[in-house]
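Engineer: Chain by chain, the residues:
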Amino acid sequence: MRDAHTPAPRAAFCRRTRREFLWEAGASFTGLALSGLLDDGFFARQTHAATGIPFANPLAPRPPMFAPQAKSVIFLFMYGGPSHVDTFDYKPELYPLDGKTIKVKTKGRGGERSESRAVGPKWAFKQYGACGKWVSDLFPYVARHVDDIAFIHSMTADSPIHGSAMLQMNSGKIQSGAPCLGSWANYGLGSVNENLPGFVVMLDPTGGPISGAKNWSSGYMPATYQGTILRSKGAPILDLAPPDDMPLEAQRAMLDALRETNTAHLLSRGDNSELAARIASYELAWKMQEHAPEAVDLSRETEETTRLYGLDQPRTADFGRRCLLARRLVERGVRFVQLYSGGAHNDDNWDAHGDLVKNHEFHAGNTDQPIAALLTDLKRSGLLDSTLVIWGGEFGRQPTAEYAEGTGRDHNAFGFTMWMAGGGIKGGVSVGATDEIGSAAITPGPGHGNGDKPGFHVKSLHATVLHLLGLDPNRLSYFFGGLDQKLVGVEHVEPIRDVLA
Amino acid sequence: MQAVERRFPVRPIPSTRVAHMMSGSARWVLGGIWAIVCGAVTAPRPALPVDFSRDVQPLLARRCIACHGPDTQEAGLRLDDRTRATAALDSGATAVVPGDPAASAVMGRITSDDPDLRMPPEGAALSAAEVAVMRDWIEAGAEWQAHWAFRPVVRPGVTGSIDAFIDAGLAARGLPRTPEADRATLLRRVTYGVTGLPPSEGEVRAFLDDATPSAWEKVVDRLLASPHYGEHWARHWLDLVRFAETNSFERDGAKPHAWRYRDYVIRSLNDDKPYDRFVIEQLAGDELEEVTNDALVATGYYRLGLWDDEPADRLQARYDGLDDIVSTTSQVFLGLTLNCARCHDHKIDPLPQRDYYAMLAFFHNITPMGNGGDQIERPLFEGPDARRTYEEKTADLERRRDEAQAAVTAVEHRFREALQREAAGPAGGDLDDLAFRFYRDAWRSLPAFDELKHEDEGPLPGGLFDIAAAPSLRPDNFGYVFTGFLKVPADGDYTFSLDSDDGSRLTIDGRAVLEYDGIHGEGSPKTATVRLAGGRRAIRLDYFQGHHGKGLTVGWSGPGFERRLLSAVSTAGRDVARDLARAIRAEGERVLGAEAMRDYNERVKALEQLKKERVSVDKALVVTEHGPSAPETFVFYRGNPHAEPDAANRVVPAFPAILAPPAPAITPPAGGRSTGRRTALARWITAPDNPLTARVIANRVWQHHFGRGIVRSASNFGLMGDPPTHPELLDWLAGELVAGGWRLKALHKTILMSRAYRAASTGIPDGLARDPLNDAFWRFDMRRLTAEQLRDSVLVASGAFNPKMFGPAIYPTMPQAVLATQSRPGSGWGDSPAAEQARRSIYIHVKRSLLTPLLADFDLADPDSSCPVRFTTTQPTQALGMMNGDFLHAQARRFAERVRREAGGTNADQDAAMVRRALEVALVRPATDAEVTRGVALIDDLERTDGVAPGRALELFCLLLLNTNEFAYLD
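Residue numbers (our numbering), protein chains in the order written: chain A, 2 to 502; chain B, 116 to 1086.
Take the hints with a grain of salt, since some may be wrong.
Going by beta-carbon spacing under 8 Å, a handful of chain A positions derived as facing chain B [to be verified]: (1) Val193; (2) Ile211; (3) Asp240; (4) Val491.
Derived DSSO-like pairs (lysine-lysine); straight-line CA-CA distance at most 30 Å [unchecked claim]: (5) Lys568(B) to Lys104(A); (6) Lys665(B) to Lys104(A); (7) Lys508(B) to Lys727(B); (8) Lys333(B) to Lys919(B); (9) Lys568(B) to Lys454(A); (10) Lys104(A) to Lys123(A); (11) Lys665(B) to Lys106(A); (12) Lys333(B) to Lys860(B); (13) Lys508(B) to Lys720(B); (14) Lys568(B) to Lys359(A); (15) Lys101(A) to Lys454(A); (16) Lys665(B) to Lys101(A); (17) Lys106(A) to Lys568(B); (18) Lys568(B) to Lys174(A); (19) Lys174(A) to Lys106(A).
Some, not all, of what chain A presents toward chain B, calculated at C-beta under 8 Å [unchecked claim]: (20) Tyr221; (21) Ala242; (22) Gly429.
None of these hints come from the bench; they were simulated from the model. A virtual CB, placed ideally from N, CA and C, is assigned to each residue, including glycine.
The following block holds chain A by itself, in its conformation from the complex (with noise of 0.2 Å):
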């Protein structure tokens, strides 16, 4: 499977030893192990330097606060806003209404009305599964999981707005300047593969999310934290693959002489662990350089899998692609991967403003066959029981009309719904409701982060998605500009407790 683009795996390297005497030659002379840090897990150690000053990798594996019950999250995050009366949340009541003027408050990009032209639901629902859940035809794959998935109907944010409500899907912040969920994973428990990034994003091809970069920055946090993007296509990360005229083994000879000028630096320097640090900084891109494309490699996968996720069929490659190798950094350890299901702008992504149904059924139509797959892939090889799996978007859809004409949906902050799998994880339930017609949140009541209003709110989800990571999202602090600063916030936030198992 793999293109033509794709760095071929380098399975070894094999002409080191005349450098490598010159590397343990030069490192005799500086008191330091050297060459032990160049072991496997040296950055996954906290060391110190022969003069007692320790140093350690921000990366480095922590222990959780507590057993956790997911290692790693992948997180499809269908960006625009799906409409969750047309996709899980079934409102057979909003079917006859359809066309109706009705009084029902909304906010949306249009702002505030009191009364709308309602849209029905334009799929009919099927019900699926021991537990008899309600799923549109929008999601047929995905549905036969439904065993497996808790969905939570009562989500709300603080903005329907596209920019600010993806800030605070990512961050908990509607401001940008705050680190995202997979920088405070990260922070939190640290990474356990080296040769990999710990906070990993695959975007659309059709481009990035509003805002861009801030959804995967670790604002305050160092740089250490934030989301590398990974491209499904070419060389997966930036600056990975060395230039043409630089040959993997030319490369090699300057890394090794390189090494050999800074240890002899360091002769005099054997203090200084920043400066060791550094040498072995470039000893971890090498291997990078080595591991990342491997990880990206599809050749190995079997065909039933490839077929599984749909890679042979146009509509699903490309998401299909990027779920495989979602389960593929999850294998190998990565914390948090993220996956976008639209991109750019307006029908690029799930922003249903025009026509509800094309652009549904060719966003659905991409991701539902890919989605499943992973959820199956994940289960047969034991990996689900470690990884929490995340759907959703920044918010959901109005049960009404944006337009005179149409089925365009505007945006919905005060309720939507959101599903999680796997990793610790209670299948088969749903939690929180909104009323009959999918407008707003009713319960629970108050009490999850949303003050005095009822329904689950994002910091809710976020609350759940540390505390399944063994992370107490109450305690888990930064401290910056005077305060410690929580990914929730200051107020004690529960997590979402009925869909725990």
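Fit chain B to the known structure of chain A by using the hints.
Structural biologist: Positioned in the frame of chain A, the structure of chain B alone reads:
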């Protein structure tokens, strides 16, 4: 391996402190690994007597005060005040009994093994060293001292010098003085420290050859006079003021003229502008008696933060913007984290919530940020003559436009009259250059549309106000702003009528002529008569529609004509209204005659020409206020701006009470543009007796020379901050700075002339063993070049470096893969010519959502909030960028070309000569023969074994040099 506890204490140590505890060693452990730091903190202290400010206060602040302090007093206990801490508690126990640790309940609680009793209840137990600190302090009488930073600066009696203070600290710890670093090291250190660039080979030679006693002083003076000094130190300031040239959020739109603020900082530093003046200009330059261009540009300070042009909650967004200003101002100028008191009293510092809002009141009258316009832009003039010329030119242009318009209108008038005699005349034609902006939201009355984001916009060539103009029209909840010019035939009185459903407002030449606001139906038109000059008068109509019925009817009459409509007659108005311009084109010749039509066409052409003409003028991004009086300010319950204001919570502008400040002296400046509140604040901040300002800036100057401040938490001088390692030295520096007229260059020189600055960075066993964190400054801490220094140094080595200063930002080529992460790939990013790209990094456009990857990898400050201390991380992605990235490869090629040019040497030893030259250029020192031999061997090896083309091998060797630790680190 040191045994390290891993846990997540509830109250970790400030990240800046962590950064510096690791200073001189691996500083990539930031924030995350508290336990290492705790281990370091509790390392056995040398036998220094317990000091409240240094030892006890930070411990109380970190572990006790959140629950037993100003905001919360669990069990009735308060540990930030001696009277309260030593009083009997409800339980009968006494927490602190001065002189008697055994009787002090606190000792039992901090040493208890019982998890129900042990204090603090969360996080790690106090270490043995911490317990000892508490015991010794109680034993010694448990004296509290007012927090050091809130006390007045004390100028030490001794004729101080930096080295006297440093030596005293060394002696107290029994540490020897470190020898001076060698001259080459010193020159490299100081050249980077002052200018951010490496020394030239000539400068190295000159210094090494200068045997006079004043050689060092000459170097220091030369560097401080270099224009590169301003460029380098401006970067430190820009980190603090969260400088960026875009707004973040969905559009991440550009802030107009933001680069002028960057240039202002560079110029101010190079001119050695007194720091007090520098502060006043930024906070209140627009209110100065004489408003210079510098002073105007400086107020761009207020406009540099995040701004959401489409907030979900406008009121919340407004106060988030003010919070950004309060946070940044209090942290940057005062070292106070006043932002922590937005929602409740500060948990640790004696800063009640009232103080936050009393500070906010100074800024409350500031207009919100926008995309452009008078609210955030003002013209700049080189002097009064330039201003006069501009005003004259503008007036002249307007006059010519008016005349040209009158000439055109006169013909149109004749045409219309002639046509009216024939049949019904065409509507429209009275409005020119009409355009609409369309908004969507629900309102009860007209909003300030200019502060909102419009959803659509476009021209209205039909020349009629038309509420059906927007293509995405909807029945409810929308608004319009129409702008254009009213073609007034001649001077005279004109009567306007306005009817609308719902609210509307008609404005001509900036004056509201008719206002018919609120929710209502049509049927009762309002009328008004105004005197207008003939020509082109700016006209604007604001309109909003709530629910149900909608409509808009505007008409006018005047000398020589009866009421004519200015609005489309129905929502299908565009079809009904006949376009005067089209009519006159079709029938003009028939009605007016060929001659008159030719004349008319000439006049129209002349008018169109004039309409395009602009009087060019430079503009600045500035702060403005709503006028001379400010809105009332209230303390918001839990920081919620939607909370109902309560008269008891009203506050007036005031300085934080803990500093025992005077009442602000507020005088509105002449001109009526603003309140004068910001001037009062700026005057207090720069008052010589302000206890914080001089300490904070003196500490920052020290920080950037030594790699860490005397107070490591450079923007937090509060109780949670780090205590100064050399409090008397800090006060001495602060005192000298103020006494010397706030001149920063003098302060730099004082620091650079010290022996402490010139100390070697070499480790000595005593120092490493007894003071591994270098609290005593027993040596100079090594440090890595900053992101900008590294990039600039690569350009210098390659020879591509372009020293051009100032002006609009540059755009280095951004990798396609990075542009692809944008929702509109390439949007908001340019591609400057190669020579421009080779300018210093400070001139790179700062786009919040698209930071230059190489710089971001090397710990560029995140521009979303004030950054007092950068991280220093070491990550493999840095190595990837430095080994594989396009920029490095391009520069390595140039570097190799340069080396070939400059190497000389015969054919036989060409390689050796080139290698030698490359080493000299990159490392700015002579190369050793061994280094040359190794370099030649590598090139040889690359060519022979690894199949690299002959020329390419030299390039790769050059690339390697740019990757060495010696290149990237300063001794």
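Engineer: Evaluate each hint against the coordinates.
Structural biologist: Against the structure, the hints:
Given hint, Val193(A) at the interface with chain B, is violated; its Cβ is 15 Å from that chain's nearest Cβ, farther than 8 Å. Using the Cβ-Cβ criterion of 8 Å, the hint placing Ile211(A) at the interface with chain B is satisfied: the shortest such distance is roughly 5 Å. Interface hint status for Asp240(A): upheld, as the beta-carbon distance to the closest one in chain B is roughly 4 Å, under 8 Å. At about 7 Å, the closest approach between the beta carbon of Val491(A) and any beta carbon in chain B falls short of 8 Å, and the interface hint on this residue holds.
For the hint linking Lys568(B) to Lys104(A), the alpha-carbon distance of about 27 Å falls within 30 Å, and the restraint holds. For the hint pairing Lys665(B) with Lys104(A), the CA-to-CA distance comes to about 20 Å; that is within 30 Å, so the pair holds. Taking the CA atoms of Lys508(B) and Lys727(B), the gap is near 14 Å; set against the 30 Å cutoff, the hint holds. As the CA atoms of Lys333(B) and Lys919(B) are separated by approximately 25 Å, the hinted pair is consistent with the 30 Å bound.
Proximity of Lys568(B) to Lys454(A) is assessed by CA-CA distance (about 29 Å); at most 30 Å being required, the pair is judged to hold. With a C-alpha separation of about 20 Å, the suggested pair Lys104(A) and Lys123(A) falls inside the 30 Å cut-off, and the hint holds. With a C-alpha separation of about 21 Å, the suggested pairing of Lys665(B) with Lys106(A) holds against the 30 Å cut-off. Annotation: proposed proximity of Lys333(B) to Lys860(B) holds, straight-line Cα distance about 14 Å (limit 30 Å).
Note on Lys508(B) and Lys720(B): the hinted pairing holds, with a Cα-Cα distance of about 21 Å set against a maximum of 30 Å. Straight-line distance between C-alpha atoms of Lys568(B) and Lys359(A) comes to about 28 Å, which keeps the hinted pair within the 30 Å bound. Note on Lys101(A) and Lys454(A): the hinted pairing holds, with a Cα-Cα distance of about 28 Å set against a maximum of 30 Å. For the hint pairing Lys665(B) with Lys101(A), the CA-to-CA distance comes to about 21 Å; that is within 30 Å, so the pair holds.
Taking the CA atoms of Lys106(A) and Lys568(B), the gap is about 22 Å. The hint holds against a cut of 30 Å. About 21 Å separates the Cα atoms of Lys568(B) and Lys174(A), which keeps this hinted pair within 30 Å; it holds. Between Lys174(A) and Lys106(A), the direct Cα distance comes to roughly 25 Å. Compliance with the 30 Å bound is thereby established for this hinted pair. Proximity of Tyr221(A) to chain B holds as hinted, the smallest CB-CB distance being about 6 Å (cut-off 8 Å).
A distance limit of 8 Å between C-beta atoms decides the matter here; for Ala242(A) the minimum to chain B is near 7 Å, and the interface restraint holds. Interface hint status for Gly429(A): violated, as the beta-carbon distance to the closest one in chain B is roughly 34 Å, over 8 Å.
Taken one by one, the earlier hints fail for this structure at numbers 1 and 22, listed in ascending order.
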